[in-house]
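Participant: Sequence:
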Amino acid sequence: MKIDMFERLPTPFGLVRFGVAPDHPEVKNVINDFTAVAAAPNFRFFGNTEIGPEVPLERLRPGEATRARSGVAISANWTHHTNQLASLERRGSVGVTLAVGLVLFAASCVWKHAEVDFVSAVQSKSRSVKVARCAGDKALKDRVTSIGKTSKLTDAMRLVAAAKVRAAQNGVAKSRPFSDELLGMIKGLVKRLKGTGLEADLPMLRVPEKVKEVGILMMTANRGLCGAYNTFVIKKTGARIEDLNKQGITPKLLIVGKKGLAGMKTRFPKDIKYNYTEEWFAMPDTIKAKDSAEIAETLENYFLSGEVDKIEIAYGKFINLISNEPTIRTLLPLSPTGIEDPEDETFRLTTESGKLKVEREKQKSPKAKEIEADVIFDQPPGVILNSMLPLYLNSQILSLMFDAQASELSSRMSAMKAATDNAKELQKKLLVLYNKKRQAAITAEICEQSAAATALESADVKGKAGPALGVVDNEKSVAEDFMKELDSGDIPDAPVSVDTFGPLTRAELKVTADAGFTAFCHSNAEEPRQIYDAVILCSGASGERRLGIPGEDAFGVVGAPAFVKWYNSHPDYQDELQFNPPGEAAVVVGQGNVALDVARLLLRSPPDLHATDMDSKAVEAITGWQKAGLRTVHIVGRRGFIQAAFTNAELRELLTTDGLLPVVDPEELALCRNEASEAELKKSRMKQRSLDILQKMVANFSELESTSKRILRFHFLRSPLEVLSTQGALTGIRMSRNQLSGEPGKQQATPADASQNLEVSCGLLVRSVGFDILPMAGLPLSSNRVPHRNGCVESAGPGSAGLYVSGWLKRGPTGIIGSNIGDAKETAEKVWKDLSEQTTKEWSEEPLQAMLSSKGSPVVLFEEPWTSCRPRPAEAHGQPLNLRIGLASW
490 MKIDMFERLP
500 TPFGLVRFGV
510 APDHPEVKNV
520 INDFTAVAAA
530 PNFRFFGNTE
540 IGPEVPLERL
550 RPGEATRARS
560 GVAISANWTH
570 HTNQLASLER
580 RGSVGVTLAV
590 GLVLFAASCV
600 WKHAEVDFVS
610 AVQSKSRSVK
620 VARCAGDKAL
630 KDRVTSIGKT
640 SKLTDAMRLV
650 AAAKVRAAQN
660 GVAKSRPFSD
670 ELLGMIKGLV
680 KRLKGTGLEA
690 DLPMLRVPEK
700 VKEVGILMMT
710 ANRGLCGAYN
720 TFVIKKTGAR
730 IEDLNKQGIT
740 PKLLIVGKKG
750 LAGMKTRFPK
760 DIKYNYTEEW
770 FAMPDTIKAK
780 DSAEIAETLE
790 NYFLSGEVDK
800 IEIAYGKFIN
810 LISNEPTIRT
820 LLPLSPTGIE
830 DPEDETFRLT
840 TESGKLKVER
850 EKQKSPKAKE
860 IEADVIFDQP
870 PGVILNSMLP
880 LYLNSQILSL
890 MFDAQASELS
900 SRMSAMKAAT
910 DNAKELQKKL
920 LVLYNKKRQA
930 AITAEICEQS
940 AAATALESAD
950 VKGKAGPALG
960 VVDNEKSVAE
970 DFMKELDSGD
980 IPDAPVSVDT
990 FGPLTRAELK
1000 VTADAGFTAF
1010 CHSNAEEPRQ
1020 IYDAVILCSG
1030 ASGERRLGIP
1040 GEDAFGVVGA
1050 PAFVKWYNSH
1060 PDYQDELQFN
1070 PPGEAAVVVG
1080 QGNVALDVAR
1090 LLLRSPPDLH
1100 ATDMDSKAVE
1110 AITGWQKAGL
1120 RTVHIVGRRG
1130 FIQAAFTNAE
1140 LRELLTTDGL
1150 LPVVDPEELA
1160 LCRNEASEAE
1170 LKKSRMKQRS
1180 LDILQKMVAN
1190 FSELESTSKR
1200 ILRFHFLRSP
1210 LEVLSTQGAL
1220 TGIRMSRNQL
1230 SGEPGKQQAT
1240 PADASQNLEV
1250 SCGLLVRSVG
1260 FDILPMAGLP
1270 LSSNRVPHRN
1280 GCVESAGPGS
1290 AGLYVSGWLK
1300 RGPTGIIGSN
1310 IGDAKETAEK
1320 VWKDLSEQTT
1330 KEWSEEPLQA
1340 MLSSKGSPVV
1350 LFEEPWTSCR
1360 PRPAEAHGQP
1370 LNLRIGLASW
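Each residue of the sequence shown is one higher than the last, beginning at 490 in this note's numbering.
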């Protein structure tokens, strides 16, 4: 029985390589361990590698491969890495969907054959699981839950602080009438007694000729978790003490708040001198007049007794909800001119649209009370004023305590908000990690099942041959040229040890190559059906959609599928695609992951590009463009971000790429959010996360003119109108401004005001607006996919094999790599079900060779073992070494 997999990629490594963004680290691992599939008896690559059934299973060392009941050895590492790729989103082009789908399908066939043909196997022993399943998942989930609870706690603390800020502000408002009335009366008396030597009779107003002793009241909080509020006040006090020390003054220190006690020991400069008076006052949660009266009385005693000539206060002056200013202010002596305060401000915490905000209100200083000349005082005016000044000092301290408390609480609000935001962000990252591990574990189970994960070693099946699977290639002299180049060291590859290739190197491979098989395989689905029992097509969607605008055929305009294959070293596109240096800017039209991949690779730094497995010619071309001035790439989409096809993983990666500044115009982002789009946004958590990412790019907009980084600029609601060119060469693109109309989920982009059209200069334009399935004789197409039933297009008939599809041919050019798993398994099950119900042919290679010969496709056999090949030494490389790079030709 023979099942052949038709594929046109030039190497077995190409199966998992082409179409994937080449800078992804997982790609290299998959390339290495995919070779384990080829190290199986009766698994043949027509056109690349052939392994005969004479290779014994014992040649594979324990722990490096698992043995299937069908006699197929599947590397556990390959299963793991295929797993990792399957959990990634499609990056690059059609090739990866086709490639990984092909690999998974082949493995599914092997596993299904084991179920059908060897259900009676005995004397088997189970193998240990190589891929950890849900390792650490419980601990990770517990951590996610714990961080979620922490974020709720810090958010609750923020709200409590906000409530206390309001209480402090209410306290200020309530004390204000008394303070204003008192201050007005004091000013009136001072005005009445002006020029009478007032200072001599009122000690609290007396200013000494020379200040010898200074007292400092440091006002801090009782608690922490309020950002740098306490630290700033303590450092401000320390700096003031240092200044006084330079004047020969050692101040006396009084403290309000527990944090001040600890802070003076740890936060003050080391060599400053001060005398702590042991006077300490708690900063109450609810400030009352008696609290300030106690402090005022102590300060008054120090001042009136002559122990200090001056008393200052260090506190945090409230500015707004996110800032305060550590301030030094003189409390005593009170001078008449000092009482004449300028206009003050009060702050009121309110809410607007569900968010906290501060309203400022100017407070004019109270005017002096008019005291008529004929007013008779019961006591001398000086005595009355002397009794009122302590009350004024008390009201001043009370007001400053409220101000300091508001600063403390606003700082706590900011700190708790930052803690809440950080906790939520960490929770999101951990949740993504948890879901990836969970998804990888689930995918591992599926892949292991479909790749003979339940394989058992049995004496009864050791010598029994399994099905022969083949992959046919179209490159001339593939094996011969590759072996010679690898052996002579003429390729810009990293040093590859024999062990790097794992089981492949120990199999002493015979390498064959046939040329031209793609010519009929991809144009006629009927001919293979005359030879095989089943024909499975996994050729993907190689065609591309065009923009359909004037000037699209200008030199410098290229389709994304062709461009991706060019930088991925596909040999068919090395001579076909030619580029001029694009100048300072390039444009990518499209809103999918492929568009983001192209844009990102055009702007990657040279060291990052050299670290990929891209062919050196592609790397040199892109780095050369950057040296010649390429600095900006524009990504253009006809609709808004909510309708875009790119994924959050791709968007997020742009923010972490070194030297790259992704930019979104805030006005364009606002235009994307019409009423219908908002309805779509509410229903999509993924797009809500996209909005969070794009908001960070909006913050970069202000740096657009000043940045030295490479710029990736998004344009939403723009449609290309015309490609601009001079003498047939691209010079720019003209775009229209669009607007969205229609119901949620069905919105269309329609042209808006022509005055908002935009022209962008560029020397390279990559269109990435979709893929098309190429027509093939004998293969029906409907709505850009092949109609099928469980993967079966047409059942087997007399002299004709059944025709099956998988991957993009089956479901259309949509989905990610992991989407192929279900496709492959469903089709494999259908194939084996049909084969079990029909009489199969006895396999012979003669019909295949005859058909290839009739097409002018000679078979080249390379008899030397793979292990005879050696890479060139590492010191021969003049650039960073890669595990393996793509070859543009073999």
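One or more hints might be untrue.
[As the list claims (entries may be wrong)] 27 Å max Cα-Cα, derived DSS-like pairs, lysine-lysine: (1) K779 / K663; (2) K701 / K680; (3) K1176 / K906; (4) K799 / K725; (5) K663 / K676; (6) K676 / K747; (7) K918 / K1185; (8) K1176 / K918; (9) K925 / K638; (10) K676 / K754; (11) K641 / K630; (12) K663 / K638; (13) K725 / K754; (14) K641 / K925; (15) K762 / K779; (16) K777 / K762; (17) K641 / K913.
Hints listed in this document are in silico derivations from the structure and should not be mistaken for laboratory results.
Participant: Below or equal to 27 Å on CA atoms is what counts here, so check K725 against K754.
Facilitator: Answer holds: K725 to K754 is near 14 Å, not above 27 Å.
Participant: Assess, step by step, whether the Cα of K918 is no farther than 27 Å from the Cα of K1185, and give holds or violated.
Facilitator: Given pair K918, K1185 holds - Cα atoms ~16 Å apart, limit 27 Å.
Participant: Starting from K641, check that the Cα of K913 is at most 27 Å away, please.
Facilitator: Since the Cα atoms of K641 and K913 sit roughly 9 Å apart, the hinted pair holds (cutoff 27 Å).
Participant: Are the Cα atoms of K676 and K747 separated by 27 Å or less?
Facilitator: Cα-Cα ~37 Å, so violated.
Participant: With a cut-off of 27 Å on the C-alpha distance, tell me whether K641 and K925 pass.
Facilitator: 25 Å, holds
Participant: Is it true that the CA of K676 sits at most 27 Å from the CA of K754?
Facilitator: Given that 27 Å is the threshold and the Cα spacing comes to 42 Å, the pair is violated.
Participant: For the pair supplied as a hint, K799 and K725, is the alpha-carbon distance within the 27 Å limit?
Facilitator: Measuring from Cα to Cα gives roughly 18 Å; hence the hint holds.
Participant: Does the alpha-carbon distance linking K1176 and K918 stay inside the 27 Å limit?
Facilitator: Status holds; Cα separation ~16 Å.
Participant: Run the distance test for K663 versus K638: straight-line Cα separation, threshold 27 Å.
Facilitator: 37 Å, violated
Participant: Within a Cα-Cα threshold of 27 Å, do K779 and K663 meet the stated pairing?
Facilitator: 15 Å, holds
Participant: Between K663 and K676, does the CA-CA distance stay at or below 27 Å?
Facilitator: Distance of about 21 Å is within 27 Å: holds.
Participant: Take the C-alpha atoms of K701 and K680, compute the straight-line distance between them, and say whether it is at most 27 Å.
Facilitator: Violated, at about 30 Å.
Consistency with the previously given hints fails for numbers 2, 6, 10, 12, 15, 16, ordered from lowest to highest.
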